[in-house]
Every structure is written in structure tokens, then in C-alpha cells.
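Engineer: Same order as they appear, the protein sequences are chains A and B. Here full-length UniProt numbering is used: the first residue of the first sequence is 1, the next is one more, and so on. Here full-length UniProt numbering is used: the first residue of the second sequence is 1, the next is one more, and so on.
These are calculated hints, taken from the structure and not from any lab test. Mixed in with the good hints, there may be bad ones.
Output of the computed footprint for chain B on chain A, the stretches with three or more beta carbons under 8 Å from beta carbons of chain B [to be verified]: (1) 101-113; (2) 303-315; (3) 356-370; (4) 392-400; (5) 450-461; (6) 486-499.
Here are the simulated lysine-lysine pairs, PhoX-like style, with alpha carbons at most 20 Å apart [what the hints assert, rightly or not]: (7) A:K107 - B:K101; (8) A:K100 - B:K100; (9) B:K304 - B:K291; (10) A:K107 - B:K184; (11) A:K101 - B:K184; (12) A:K212 - A:K250; (13) B:K184 - B:K508; (14) A:K101 - B:K385.
The structure presented is a predicted model; accordingly, all values stated were derived computationally and were not measured. We put the beta carbon where it would ideally sit given N, CA and C, even for glycine.
Number of protein chains: 2
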Amino acid sequence: MKYKYQFSLILFVAFLFSAPAYSQENTDLEMIYKIKTEGIRNSQIQDLAYNLTDLMGPRLSGSTNLRRARQWTADKFTEWGLSNVKIDTYGEFGRGWDVKKSYIAMKDPYYAPLIGYPKAWTDGTGGLINSEVILLDIQSEADFEKYKGTLNGKVIMLPTTLSTSPAFEPEARRLTEEDLSNRKEVSIGGGGARYSPAQLQQMRDQRALDQKVNDFLLEEGIALRISGTRGNFGTVFHTRAGSYSTAKNKTIPEMEIALEHFGRIERLLKNGQTVTVDAEIEVEWLDDDYKGYNVLAEIPGTDKTLKPELVLLGAHLDSWHAGTGANDNAAGVVVMMEAIRILKTLGVQPKRTIRIALWGEEEQGLYGSRGYVQKYVADRQTFDKKGEWDKISAYYNVDNGSGKIRGIYLEGNDQLVPIFEKWFEPFHEMGAKTITRRNTGSTDHVAFDAVGVPGFQFIQDPIDYGRGYHTNMDLYERMQQGDMTQAAIIVAAMVYNTAQRDQKLPRKPWDK
Amino acid sequence: MKYKYQFSLILFVAFLFSAPAYSQENTDLEMIYKIKTEGIRNSQIQDLAYNLTDLMGPRLSGSTNLRRARQWTADKFTEWGLSNVKIDTYGEFGRGWDVKKSYIAMKDPYYAPLIGYPKAWTDGTGGLINSEVILLDIQSEADFEKYKGTLNGKVIMLPTTLSTSPAFEPEARRLTEEDLSNRKEVSIGGGGARYSPAQLQQMRDQRALDQKVNDFLLEEGIALRISGTRGNFGTVFHTRAGSYSTAKNKTIPEMEIALEHFGRIERLLKNGQTVTVDAEIEVEWLDDDYKGYNVLAEIPGTDKTLKPELVLLGAHLDSWHAGTGANDNAAGVVVMMEAIRILKTLGVQPKRTIRIALWGEEEQGLYGSRGYVQKYVADRQTFDKKGEWDKISAYYNVDNGSGKIRGIYLEGNDQLVPIFEKWFEPFHEMGAKTITRRNTGSTDHVAFDAVGVPGFQFIQDPIDYGRGYHTNMDLYERMQQGDMTQAAIIVAAMVYNTAQRDQKLPRKPWDK
């Protein structure tokens, strides 16, 4: 409660100053014009998009492809003449893991190849395996007895509760005026817990049982576990089952297959049919470098006083492993790279230093951005401020796919409303005008927001982001390149405005 | 023109009699109630759907799985107590072809398994092949010289013009009242050819060049051709490149892969990268039986005079090869089987004989139904009538997926309007009420219509039929089982009404 009152007081003070602040915002419309022109006429979006997806491939944390992508982006920054290009470690991440072969097919009752891929960081199968598939029925630990000693070398699956239904709603959409208006509403939580204590206990029990099942299957020496995932029509959402921990614990080889293919085997088994599969997973573990990294590069500030200050823009370079991480998040990387390219090409001499950061390991827990913040900005546990804490004016992030920018989330900071209202004016006709006080989460700007440094994610048109992210189909074709051109222009302008503004952007309070 | 005047005259005569015909239509509403009740309470749709898709698998013409499915459906008819169950040949079809293994993955610049499947009736690769992929640029025969002698053992692809874009419209839908109203409109053709003579020539030239390219590639001894197809997000439309001809011509092993995967390789090659793939196709040719077959079964007629007459209901049992032919056309088979099961279970003693026909080889050119017509009904070239020509009152077909029935196409036969208006009355509340004079094509009822025997296809809700038919994702989950229950009930009622009607259904004129 104490915190809330403090917050309200500051908002009130901010309100007193907001009107004058509004009238003071200058935007260099000549520069905005140049940014738009460079972004539209000389767009590098297509080339960047191709390189980051098709050529680099999936960029799972620790993988060979992520290493290649770090080097490729750093080389590109150097080629563009950016300064202080660095592949910068933030500390330890864990083991790298590459898939060298993945194959699964049903052999009986008839041959049918299956769409599937190993869950990340699982062990390989040690060559091609052929086995009957066993559908386990485990309601409690007591059920282990039924299977003890019978599963060695077998392929197993557990029933799924997932199902699929036809898409009577469009799978891709743009935000309507009504959506945008709703997006501005800030709802205040409360009204009871989402789950009852009994439900919560049930969920805990299920998780505990899942873990015991996993341990049991590992001990029994099963050859492979097959899982279904959400997604349909051949699109498969891929996650991880294994661990990148340097403890090198053995894991069960596990593959996630298309829900329809999983359903077919499950139904056959439930109807008493014998199903066999051929499967092979070959993986390579990378144990030569456990560190995690971010890629950094700059356009140095030129104002004598302000040049130690920073404007950051960034996106995460890592992805999941079965697609090429196109919408999540090559799109964000491309937009941010293009934004800084535009500024560099225009020869801007910013007052503050502009720094781009391509984060590692976002998908595994925002490690790259949090590691950077821990190293350079502040400790969010101890509240210890570090060198950059009072130097960073803002961090801008793109990580909601390749849809165009429709506005920005202010993370509750009312002081920013008049500033961003003004800054977005030149982009209303490009569809970007919604300034919302709302929070948004699940990506790298929260690492900054968590230590009181303004960190922003944009409102973006969803297009079909939800249909493809984290899937085997998050590929080049998913990226809306026209939209990304718009986004790069807007980001370049926001970054430029932030770099040139007399003061750093106003902050929310952050202390013990 | 002569024909048209004749046709108008007959329509006029039909009109004179249509009002009395309307008032004469009797529907046995007690039986309709029984049909509805049996269909809803004791539905076998789920079991039939599972067996025909998951258990039988893809049912490509001539394949082992189609043979299994013929036997399984015949056995099921026998189990149900139907009469004259027959696996009836209509003549020669061609070679059977089973896929025993299908694998394709990109190896360089990094490993990535690809979603793909052999085109039907292509040859195998003779084991696992590994090769660089060559993107050919062939604008004319002159370009062959560039490649002559260089392609042996290579994997090749030709550029695609296909592309994919986000689905801003729903991929599944039901017909609205407006759609149904539009469906009733009959437009009269004319207004110029679709293509100009120059365009037609260009298309002919392209087809001729395609054939020459194919011959050239075969001669050069390429190891594999990779093609892209329409479809996206992992859904691949599969066709055939090889031949079931008993001439046993050698074909190029060819795989159709997901458009995004094709696009990735194409872009890499266009950007000068080396791409290699691992691929393997193993096929088995079946040369022990070249005949094509339909599965037939009956509920014999009981009226002394009318029992030699026939009411037919049917659907095609064959499918394409990469899914399990669920919406196309296990759904139709299941609906028709369920319809006759309902009638048999109710112990109906129809005046006319009710015969179900599960056609073979529809996907290869309506061979099963045309073969049946040729054998038993009439020769559509010579206009020679055979035994069943004047005995068949109607043929009912379902082959537009698993969406519920919304009405029926009359194939231009106005005389039928009052009859079907009456017969559909008990189904208005189930959403079926649209009687359209329109034609519809592309499936087995046209074999009957072509010889002047009334053949009907129903108007069905499309759901997501267009997204999945002929694809690797035409699987059990695509089938809307509630809708199929409705369809089976309506078909059973239509068949019953036709069997009991005093006269056969009125026909359009058919003669030389």
C-alpha cells in the first residue's frame, strides 16, 4: 500500500508539469522526413530478413546458428560503420545443442512420415530406433507398477487433452479502431484469485506427478517419448524438455509431433491396434563455451554534456529451434537493425549515444537483457545502481512479430503521455497513434522497467503472430516486410527524438 | 441451338405438371422421425471415421491401403446384413504404388528437416541420396545446353511463382443466408472467352516446355526434383508426377515440400549459397492386379413391380496419398455408409432396391463411377443404353467434405424443384433447405448426369475443406462429426423417399 500512495503522489506532481512539457517537445520534422525517405527508398528489410532467417537458421540459445548470427550481426554493424561493436558476455548461460538429424515415421499399421521435431536440449536416440508405441495410463504413482521393467527401449506416449477445431475467426488480423481504443483502457486487478486453493493444489499435484513420471521413464530406459502440442494443420509449437544445465543430466529423447499425427497414433492404440514407429534423433552438445552474449553497437553521442547518456534499442536474437525464428524475433532484430542503419546512413550526429543491443537467451528467461542490466545498469534485488542507471534515457524493444507499429505501451508512466503524443504525430497516417498507459510483458523491456529505467514495447498489429510463433512454421514467409519498414522508420524517429531531447525521459520512481 | 429449344419446350411441359406433382409428394414423417432418432442416438459416425482414416490410412488408387479399405467396407456391409455385397471391377485402372519411406532434410548451410512427400507414382531414389541442390533457370529449350551433362545424380528445383499471405479471412466458414440465396442464382455463360488466343497459346507453349524439361531431366539422370505447392504453415497440397500406366515408364523421383521450405532453399540458392539435402524415397509398385473396383451392397427392394428399380447412394473411397483422405472423401463414405446403416437398422422394406456404391479412382478421373455407368448404365459416347439405364431413379453423392448439408443441386432439372422442396421440409431446422437449379461438378454424380440419369451432389457447408483437401493434413481431425450425422440423416431420408415414390424421379432429356 505504501508504494501505491507514493506512486499516486508522483503522478499528481507529474500532472502539474505535463502541460508545459507538452508544449516544449520539439520534433525535427526535417529529420523525420529524411528518416521516412531513407526507410522507404533504400529499405534493407528484405536482405536482413533473408539473412537472419533463411541463412542463419533457427537460433536456439547456445546453438551453432546463434553463434553464427551473433557474428553476422556484429560484422554487419562493423560494415555499416557503427562504433564499439561488441559481442558482449553477460555471464554463464549453459550448454549448446544442435540437431543433426530428426526423423519419425509410423511403420505399422502402414507407413506414414510424421511431422515432428525434438524438444530442445533432449538427448538423441543413439541411431535409428524401431519400436512399438505404448500408450501409458498413469493416474498416480501406483500405476508405475503396471509398467515397471516393460518399457526399456520402447517408444511411449501419454494421452493428450489437446484438440483442434476449425478456424471460424480469421487467423490474421490488424487492430481496429475499437481494438486500439480498448488497448488504452487500464484495468485495475482484484476481484478474487484466478484459481481456487483446491485447483491450485491439483495443479501442484499434477506437476509433481509429471516430474515423477519423467523420472520413472528415464529410469526405465525408454527409447523415445512422443508428445502432442497445440497447433494444427502441420504447425507444431515446440518447447524444451531437456536442460542446458552444465550439470549434464541425462534426458529422455522426446519429440513433439503434429497434433493430428499424435491423435492418429493415440486413437489406433486406444482401439487396440499395434503401432510401431521408426525414429531417429541425433544431437550434438556444445560444451566449449557456456557463456551467454549480447551483440552491441553504437552511434556515439556528440553533445559534450549529453554524450555519456544512452538511448537503447534492441530485440532478442535467439529463437526456438524448429522454425527460423522469423516473427519471433528475427522481425524485431531486423526492424532495430534497419532503424539504426537509417540513422547511420543519414549521418545523424546525436546528442546522446545511440546503442543497439541484440539480446541472447530471451526465450529461456530474458537472460540477455537481464544480464546486461545486472552488469551495467542495476541489481534489481539489492537496488544497487550501476554506471548506466542514470545514463539511459530509454530502451525501445520490438518483440511482437512483424506487424506494423500502432502505438506504444507506457508501462504506467503518465509523464510520458504528452511526449509520445507529440512524437507519434508524424506517424498517424502510417497507423501509429495509440499511446496507452498500459503495461505489457514477456519480453526484454521488462528487464529495464524492473530497475526503473524507461523500457518500452510497441503496440503492433498481430497479423498471424499467434498462429506461428514458437513453431516449426515461424519462417521467412511469416514476416510482413512492408509493416517492418514502417516499424523501422518509427523506431528510428523515436530513438532520434530521445537522443536529441533536452532532458532524459521522465521516470517512474524506483527505490527500496 | 436445336437442343436448347427442345430443352425449353420440355421445361415448359414440366412446368404444367409441376403443381400437381408437388401436391402428390408424400413423405412418411413417421419414418423420417425414426431416421433422425437412429442417426442421432446410435450414430456410428465416429467409429466409421476412425476406421476409414486412421486405420485404413491414405487410400491412393491401386494402393495396398485402398485394397484394405475395399475389403473393410465390404466386410462391414456384410456384418450389417446388406445383400449382394460385391467388390466389383469396372475394368483396368493401372499400377498400385505404396510409399515405404519418405525423408528429406536440408544439410547445408545447417540441418533442417523438411515437410514433404513424394508426388504420387514417382520412382524411388534407390536409397539415401545426398546432393547439392541446383536451381535451374530454363526459359526455353535452348537453356538445356547450359545444364547438359552436369545434372546426373543431382537434386534440382525450378523457381516457383507461388507465394503465401496471412489469412485475414476465416479459413473455415458456414454458408450464410446470403450465400445460400446466391447459390440459388443460375448464371448463363457467355461474354467472351476467359483467355485470349495469345494467352491460350502461351499456356500451351508452357505446358509443352514443361514436358520437354521433364524429359530432359529424366534423360540427364537427376536424382530428385523438389517442388513447392500451394498451401502454407506446413500444409502441403499433393498431386502426382508419375504414372500408374502399365507401360511402366520410368519417372523422376519428385517430392513436394512445404512452400516455406521450398522458398528457403530457393532464396538461399538465389543468394549464391550452397544448399545440400539428404533425401530418400522408397516405393513399392504393385503389379499383381491392374483392375479398378467399386464396392457395392444393397437393401433389396420389396415391391413386386418396383424392386428391379434402383436408388443409388455413393461416395469415392480412394483419396490422395499424403493425408488419410478424411474430408476428401472418407467423410462422404462415412455419411453414405451411415445412411444405409440407419435404413438397414430400421428394417426398412423399400419398394425399390437401395444400393450403395463406394467408388474407386475418383481422384484420377472419376474412373469408378464412370466405369460403373459404362458397364451397367449407358455408353455416353454411343448413347447405347444398358440394363440399369431406365431402372435407376436417382444417384446421391457426397464429396464436398464433412460440412453439413444445406441443400441440393438439381443440375438444371426444374421438374425436381417441387419434389425436393417437399422432401427437405423436415430438415429446414437442421439448416438444409436450399434447392438450387444450379449444376455442380468435379465428382461422381456427373457420371450419371452425363447419361441422363438423375445424379445429385448436396450443397454443404465448406468449413475448412479448401484448406485441407488433397493435403498431408486431410486427417481425422478435419471431419466435423456432428455435421456428418446431420448429413447421414438427410441422405437416408432422401434415399428412402426416392425408393418409395410412386414414379421414378423425372429426368432431363438424353438422346443423340
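Engineer: Now tell me if each hint is right for this structure.
Structural biologist: Verification of the hints:
Figure legend: the region 101-113 of chain A, annotated as covered by chain B; annotation consistent (9 residues with Cβ-Cβ distances under 8 Å, at least 3 required). Under a criterion of three residues with beta carbons nearer than 8 Å to beta carbons of chain B, the stated coverage of the region 303-315 of chain A fails, only 0 such residues being counted. Residues of the region 356-370 of chain A lying with their CB closer than 8 Å to a CB of chain B number 0, which falls below the three-residue condition for coverage. Given as covered by chain B, the region 392-400 of chain A fails the check, having 0 residues with a CB less than 8 Å from a CB of that chain where 3 are the minimum.
Given as covered by chain B, the region 450-461 of chain A fails the check, having 0 residues with a CB less than 8 Å from a CB of that chain where 3 are the minimum. Requiring three or more residues with a Cβ within less than 8 Å of a Cβ of chain B, the coverage given for the region 486-499 of chain A is violated, as only 0 such residues are present. Restraint check for A:K107 and B:K101: satisfied, since their Cα atoms lie roughly 9 Å apart, inside the 20 Å limit. Proposed proximity of A:K100 and B:K100 is contradicted: the alpha carbons are some 23 Å apart, above 20 Å.
Pair hint B:K304 plus B:K291 does not hold up; C-alpha atoms about 36 Å apart against a cutoff of 20 Å. Distance restraint check for A:K107 and B:K184: the Cα-Cα separation of roughly 48 Å exceeds the 20 Å cut-off, and the hinted pair is therefore not satisfied. Between the alpha carbons of A:K101 and B:K184 the distance comes to roughly 54 Å, so the proposed pair goes past 20 Å and is violated. A hinted pair counts as satisfied when its Cα atoms are at most 20 Å apart, and A:K212 with A:K250 qualifies at roughly 15 Å.
The straight-line distance between the Cα atoms of B:K184 and B:K508 is roughly 19 Å, inside the 20 Å bound, and the hint therefore holds. Among the hinted pairs, A:K101 with B:K385 is inconsistent with the structure: their alpha-carbon atoms are about 61 Å apart, more than 20 Å.
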